[in-house]
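Asks: For reference, the chains in residue letters:
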Amino acid sequence: MDKRPSSSTTDSSNSAQTSETIDDWQVLSPIAILYFTASIFKHLFGNLIYLIPALAFSYKSIIEHPFIWLPLILVAFSLLTLFAFVSFKVYRYRLTTDNIEIRSGIFSKKYLNLPFSRVQNVKIEQPIYYRLTGHACLQLDTAGSAKNEAKLVAIKLDFAQQLKKRIQSQVQNNTEDINQDPPPTNSKEQLGHSQDSSSTIETMLNTRKLSDLVIHGITSNRVWILLGGLAPFYDNIFDTVGDWLTTLEIDLTKLFSLQTHSLLEVVLYALSLTMLVMFVLVGFSVIGAIINFYGYTLSKLDDKYIRRSGLFTKHEVSMGLSRLQMIIQKQDWLDVLLQRINLQFEQSNSFGKNHNLSATSSKIIVPSIKPHECQALIDDAYPNNALEALVCNNGFESISKRFILRNILFIFMPLWLITIIPAVMDGKFMISTFICALFLCLCGLVVIRWKRWGVARDQNFVYLRKGLIGIDYYCFPTYKLQQTQFKQNLLMKKRQLATVKFVLASGSHKVPMITEKLAYQLINEGLYKVESVHKSWM
Amino acid sequence: MLENNFTNPTISIEQLPTILTLDTQSLSEQYAPLNRLINLGFILFVCVLGMVLYFQPFVGLPEGLLNSLPFFIWIASVLGFLFTWLSYARDLVKSYSLRALDLHYTSGLFFRKVVSQPITRIQHIELKRGPIERKVGLATLQVFSAGGEMHTFQIPGLPVETAQQLRQYILQHKDVIEHG
Numbered sequence: 005m006d007k008r009p010s011s012s013t014t015d016s017s018n019s020a021q022t023s024e025t026i027d028d029w030q031v032l033s034p035i036a037i038l039y040f041t042a043s044i045f046k047h048l049f050g051n052l053i054y055l056i057p058a059l060a061f062s063y064k065s066i067i068e069h070p071f072i073w074l075p076l077i078l079v080a081f082s083l084l085t086l087f088a089f090v091s092f093k094v095y096r097y098r099l100t101t102d103n104i105e106i107r108s109g110i111f112s113k114k115y116l117n118l119p120f121s122r123v124q125n126v127k128i129e130q131p132i133y134y135r136l137t138g139h140a141c142l143q144l145d146t147a148g149s150a151k152n153e154a155k156l157v158a159i160k161l162d163f164a165q166q167l168k169k170r171i172q173s174q175v176q177n178n179t180e181d182i183n184q185d186p187p188p189t190n191s192k193e194q195l196g197h198s199q200d201s202s203s204t205i206e207t208m209l210n211t212r213k214l215s216d217l218v219i220h221g222i223t224s225n226r227v228w229i230l231l232g233g234l235a236p237f238y239d240n241i242f243d244t245v246g247d248w249l250t251t252l253e254i255d256l257t258k259l260f261s262l263q264t265h266s267l268l269e270v271v272l273y274a275l276s277l278t279m280l281v282m283f284v285l286v287g288f289s290v291i292g293a294i295i296n297f298y299g300y301t302l303s304k305l306d307d308k309y310i311r312r313s314g315l316f317t318k319h320e321v322s323m324g325l326s327r328l329q330m331i332i333q334k335q336d337w338l339d340v341l342l343q344r345i346n347l348q349f350e351q352s353n354s355f356g357k358n359h360n361l362s363a364t365s366s367k368i369i370v371p372s373i374k375p376h377e378c379q380a381l382i383d384d385a386y387p388n389n390a391l392e393a394l395v396c397n398n399g400f401e402s403i404s405k406r407f408i409l410r411n412i413l414f415i416f417m418p419l420w421l422i423t424i425i426p427a428v429m430d431g432k433f434m435i436s437t438f439i440c441a442l443f444l445c446l447c448g449l450v451v452i453r454w455k456r457w458g459v460a461r462d463q464n465f466v467y468l469r470k471g472l473i474g475i476d477y478y479c480f481p482t483y484k485l486q487q488t489q490f491k492q493n494l495l496m497k498k499r500q501l502a503t504v505k506f507v508l509a510s511g512s513h514k515v516p517m518i519t520e521k522l523a524y525q526l527i528n529e530g531l532y533k534v535e536s537v538h539k540s541w542m
Numbered sequence: 224m225l226e227n228n229f230t231n232p233t234i235s236i237e238q239l240p241t242i243l244t245l246d247t248q249s250l251s252e253q254y255a256p257l258n259r260l261i262n263l264g265f266i267l268f269v270c271v272l273g274m275v276l277y278f279q280p281f282v283g284l285p286e287g288l289l290n291s292l293p294f295f296i297w298i299a300s301v302l303g304f305l306f307t308w309l310s311y312a313r314d315l316v317k318s319y320s321l322r323a324l325d326l327h328y329t330s331g332l333f334f335r336k337v338v339s340q341p342i343t344r345i346q347h348i349e350l351k352r353g354p355i356e357r358k359v360g361l362a363t364l365q366v367f368s369a370g371g372e373m374h375t376f377q378i379p380g381l382p383v384e385t386a387q388q389l390r391q392y393i394l395q396h397k398d399v400i401e402h403g
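Line by line, the protein sequences give chains L and X. The numbering of the first sequence is our numbering, which starts it at 5 and goes up by one. The numbering of the second sequence is our numbering, which starts it at 224 and goes up by one.
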């Protein structure tokens, strides 16, 4: 434990010695027990969530028999601690100059050997219970599957930082080996160190204030995810809320019955009730945003972007500029009103299988920034992009108007007919007018959707525009393409239209119903760019 | 990122190689008939199963099911034949083509689709051969890029030798060796 910091200080001065001093199996600091407990608990809790309805159902009878559940919980807890302790006991790691080995696992033993040169991504994570002792988790992602990641569970924060620097310099050297003439191999280590000592100045690109996070919480509709998750419990929740309201002597049925109140009153009640619910939900969303993005900083070191944020668990994600696959500029309808933009730096999907926008994912999101800040960041990453000019001059080529026709005729029209015919037959005119209104709304949305679609390209980049009420812009360097797809059905062929799909490491993006000629151009140019510019996508 | 020997001349779009004029090659001649045979066999199996269920004296079926079973068998066979015919026609138009720097796979009867995979972006290759494919000497070539599992480039119904040659060509391609 105390050996490690001293060895890491010698690290920069003499690398040969380092390999000797570190070259034996190391034990974690005991604080790791906490981490293991937490992770086991998290794992269990993921399964326990299915038990909650059962527990809620037999809640009363459980409460009445404490002599059954109290020992059970005690046993469970002691087992948990035992597991955590044994996990801590069997966890060993070893560092040599250019690779890391980790042994772990109680029943199924795991032995992981990872050369630093294969590391794609280094993340530092600091859960709240590590904050006092100054420990952190170092997570190393490889390009392979997400399961093959290495995690150093409890090491000192400054040691983690040093290790990160060392690994990244090694990765950098390695890519330079490929791209340029190989430097002499024995000077490699020194070269790496001189490099990172010369470029230790981090430039701060962006920080987020609390007010920005509040805005982000309001504008990002993460609430709906929560609503979806709660769906099985709606009945219970409504019952409980109803009961609670009755105890407050508010009777919902009486409140909303048209016999006792005028229509206006009922509508007002309903409106204020929804407003109240929305307020609570937005509150949750704001809290979520603050937990995720508290103390947000985006900085740049050399050509690496580093994002730090988190209220309880501090996350640090760094991404090399060369790993950046695509920039997405997202604006929802509320963002449009508030003049804010969510900027996303996307990297390969295989690093983080989770697609959510939380702090743990390996993509870098800059929440709710102002347009000029956004443009500055985009220009910083892709210096000669023309996104701003394209947006100003509306330089995007729009897609065919047949997109509207297709969607209305083949998707919404049949649905409308199926629902409207029985309604009219039954003579339910209220319902049928409602269906018609809905249908018209959807048609309007299709038109807006069509208006948003657009594609543009220049020497080095492809730009996409899409969205519904908000507008999203996508921009990627053409040479990052992994695969292209050209799609056309017989109807489209007749009208000389086609759909193009760009497949990138960060995901695929489709441009529907553009002219055949443009589609061929996009694909041909894209393939030409990929094959003529010998640049790696990573 | 700038290198000394880097040149970037402008190229007019007309000069670019285009995927419109691909020199396509069809799949193995055995592929479409084989698929047809498998599909027909499966439908036959389903129908026979239905008939066995209908005529067997051992287990008493509910009245409703017993009455509607012949209809189901008829529907299954008609739909099955339609599907087989359609997929046979679809198999016939599948084709691929190999250029010096990329692979293309064309498919689809009503919904035409051309997938293009630059060789320099290939991560790894797999030759997949099921028991039936092994029996007839066919193979499926799977090409993986960083685009994810959803976008695995795949050419079915290749003669084994062709598939192996393709794999060898890709593996020895300088783009893969340099960037793989």
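Source of the hints: derived by calculation from the structure; they are not laboratory data. On a predicted model such as this, the values are computed, not experimentally measured, just so you know. There may be inaccurate statements among the hints.
What the hints assert, rightly or not - Listed next, the in silico PhoX-like pairs over lysine-lysine satisfying Cα-Cα at most 25 angstroms (straight line):
| id | chain 1 | residue 1 | chain 2 | residue 2 |
| --- | --- | --- | --- | --- |
| 1 | L | K505 | X | K336 |
| 2 | X | K317 | L | K505 |
| 3 | X | K336 | L | K521 |
| 4 | X | K336 | L | K405 |
| 5 | X | K317 | L | K491 |
Asks: Does each hint fit the structure? Answer for all of them.
Replies: Outcome of the hint check:
no.	hint	result
1	L:K505 - X:K336	10 angstroms, holds
2	X:K317 - L:K505	19 angstroms, holds
3	X:K336 - L:K521	15 angstroms, holds
4	X:K336 - L:K405	22 angstroms, holds
5	X:K317 - L:K491	14 angstroms, holds
Checked against the numbered hints given earlier, this structure breaks none of them.
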